[in-house]
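Asker: If you want the building blocks of each chain, they are given just below.
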Amino acid sequence: MSWKHSITVRLSLAFALLTTLVFTALGIYLGRSADHHMTELDAHELMGKLVLVRHISQQAGTPEALAARLSDALVGEHGITLTVDGESGPLFNWPQGSALNELAKAAVRVGESPVRLNVDGKDFRIVASEMQTGWGEPVRVLVARDIRHHTDFLDQFQRDFWLALLAASLLTVILGIVITRHGMHPIRHIAQTAGRISAGQLGERMSEDKVPPELAEMTGAFNAMLGRLEESFARLSDFSADLAHELRTPIHALRMQTEVSLSKSRSNDEYRELLLSNLEEYERLSTIIADMLFLAKADHGLLIPHRENVELMPLCERLVEYYGLLAEHIDLKLLGSKLRVQGDRLMLERAIGNLLANAIHHTPENGSIRVQVSEEDKRAVITLTNSGPPIPPEAIERIFDRFVRLDHESEGSGLGLAITRSIIQAHGGDISVRGLLQATEFSIALPCQESAENRG
Amino acid sequence: MALTAKLQLCNLRTKRSRLGQNMGMKILIVEDETKTGDYLKQGLSEAGFSAELVRNGIDGLHAGLAADYDLIILDVNLPGIDGWQVIKTLRAAGRELPVLFLTARDQVEDRVKGLELGADDYLVKPFAFSELLARIRTVLRRGRSKDEERLALADLELDVIKRRATRAGQRIDLTAKEFALLELFLRRQGEVLSRSFIASQVWDMNFDSDTNVIEVAIRRLRGKVDDDFSPKLIHTLRGMGYVMEIR
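In the order they appear, the protein sequences are chains A and B.
If you read the first sequence in the working numbering, its first letter stands for residue 1, the second for the next number, and so on.
If you read the second sequence in the working numbering, its first letter stands for residue 1001, the second for the next number, and so on.
Don't read these hints as lab results, they were simulated from the structure.
Hints may be right or wrong, so weigh each one.
With a Cα cut of at most 25 Å, we get these calculated DSS-like pairs of lysine-lysine [as the list claims (entries may be wrong)]:
id, chain 1, residue 1, chain 2, residue 2
1, B, K1026, B, K1088
2, A, K122, A, K105
3, B, K1041, A, K333
4, B, K1177, B, K1162
5, B, K1088, A, K297
6, B, K1088, B, K1162
7, B, K1177, A, K338
8, A, K297, B, K1125
Same shape as in the complex, but just chain A:
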């Protein structure tokens, strides 16, 4: 068993992959959302500072007053950098001495939402505004927020998250293996039961109540398969037993006859009689063996009919003429229309001939037989109806089985109808039989040659 095909491995890996995917998506979402949240927070703070500066600058009568009031207002603020530039130059810097460089000042435009900038290796969010002062000079104000602690937090979050993700995936694989193994238990049970079954115990079945509902269908199918196997196996062993019996009986008779005849000296006529009697038995044996071989070939799908155009009416006419010799006191009639099928003429002759011989055999004197050739649903249907006591329903079911003889006087091998069915099936046709009131009807349906007319 290759690990590539192990359900446990596949399921566990699938779980892990699923977990990873879900967690990654979740992580990306959380990261984005935190980042977004912090951006909002920063923007809010920066805007607040701008409002503050605007308020103070409108109130301040001189640049010095502005600087003083701003210094007061900003006491205790960490991470905030504030620059106020008048027309003549810088008016105020916070914290003292740390002016944003000119590049940064130029990069930020007035009236826009905060911009993220890297200045001197530090991450800042910066917003700019222009406003009027109490002394009439317009000033440009820049407020920057050092966001290092935010980015640090996000970096940390990401590191932690990937570690957690790795751990979760590993855990899922392990748990997946455990759970799958546990879940597979009923399947192993089925396998064990199957392993116990051999030709001798085809009667064994899996209990369908104890299996989980997901496996009930499989168990049911498995049990049904066992049922079919049991049935065909039984039929096969019946068949082998029947075959042995069919062959043993004539061989036994031959042997007895020969031994007894040889046990003392006899006249030429007696020897002659013995040989003739033997000859008859040999002929019967040959027929049985040939028929068995034919059926064995059919069973193995080796019965491949030679395909040619076969006109059904002339074929039936010849059969009716031939077998009609046996039906002197039977009203035997052939009805029907011109129909053509693709098939093996010899095999079809044999199949229909067997049916006809069978019908004649079972029709009482002064009875009647109708052979009808017709077309139904684009199929050629040959129906043989013979009068006579109907076949009992239990016998009808088995009538196409091998070695089934409805009467014990019958001389045939008991394989005729089985052969007929094999031939019809090999031609892709169907054969059926039904008992009517005081009559029996056999019906053969063969695929009809569609464009019979076109092909001339």
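For chain A, the structure is supplied; the task is to place chain B on it using the hints.
Answerer: Relative to chain A, chain B alone:
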């Protein structure tokens, strides 16, 4: 079996023999199975043929190339080289003598293969000896005798052209099949005709059909040509078939 009828449509091979009897017809049997071979030889010798037996393909090929036979009976499964090879080599060497195949395999492909290679007929084991004899005679007769227009045995006469049958001068009414059956008997006087051979020749029934039919047909024919006359001409050979002759 199937082929007799079909084979009669095959190319007729010209034969030199002119005698109606089997006497002097040389048959080569190539058969590796000891008992079958021995009894084939005995049976054919007793039927008036001059039969020779070899037990493998190589000997069969040598014999077939060296001597002039009227017919070869060739088993398909042979030690050394098989029957297919033998017939191929013989045909390649320009030997046009008729070949009759024997085989245990009754597969259609075999049949087709045999015919393609130029076999004249084909018998599947187990077969009846009388069947084999009938086939041999059919093959040997092919292209030889002009079909005679008038056939007769004792006071039974058959005019094939006019479709008239008489016995002791009396007109006998026959159905078409009865006429065909009687014609077959008259053309094959003295030969044992098996039931399946008759079914195949007269009714074109080429499968192992219920041969009770032939019994009924013979009974009816006897009723018309034999029952009221003497001597009896149609005789039953138990386990083998029927023969028409004066006994």
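Asker: Taking the hints in turn, state whether each one holds.
Answerer: These are the hints, each one checked on the structure:
1. Simply put, K1026 of chain B and K1088 of chain B have alpha-carbon atoms about 21 Å apart, close enough for the 25 Å limit, and the pair holds.
2. Simply put, K122 of chain A and K105 of chain A have alpha-carbon atoms about 15 Å apart, close enough for the 25 Å limit, and the pair holds.
3. Taken as a hint, the K1041 of chain B and K333 of chain A pair is broken in the structure, with Cα atoms around 48 Å apart against an allowance of 25 Å.
4. The straight-line distance between the Cα atoms of K1177 of chain B and K1162 of chain B is roughly 15 Å, inside the 25 Å bound, and the hint therefore holds.
5. Under the criterion of a C-alpha separation no larger than 25 Å, the hint pairing K1088 of chain B with K297 of chain A is inconsistent with the structure, at around 29 Å.
6. With a CA separation close to 44 Å, the supplied pair K1088 of chain B and K1162 of chain B exceeds the 25 Å bound.
7. Distance hint between K1177 of chain B and K338 of chain A is fulfilled; the C-alpha atoms sit about 24 Å from each other, no more than 25 Å.
8. A distance of roughly 17 Å separates the Cα atoms of K297 of chain A and K1125 of chain B; the hinted pair therefore holds under the 25 Å criterion.
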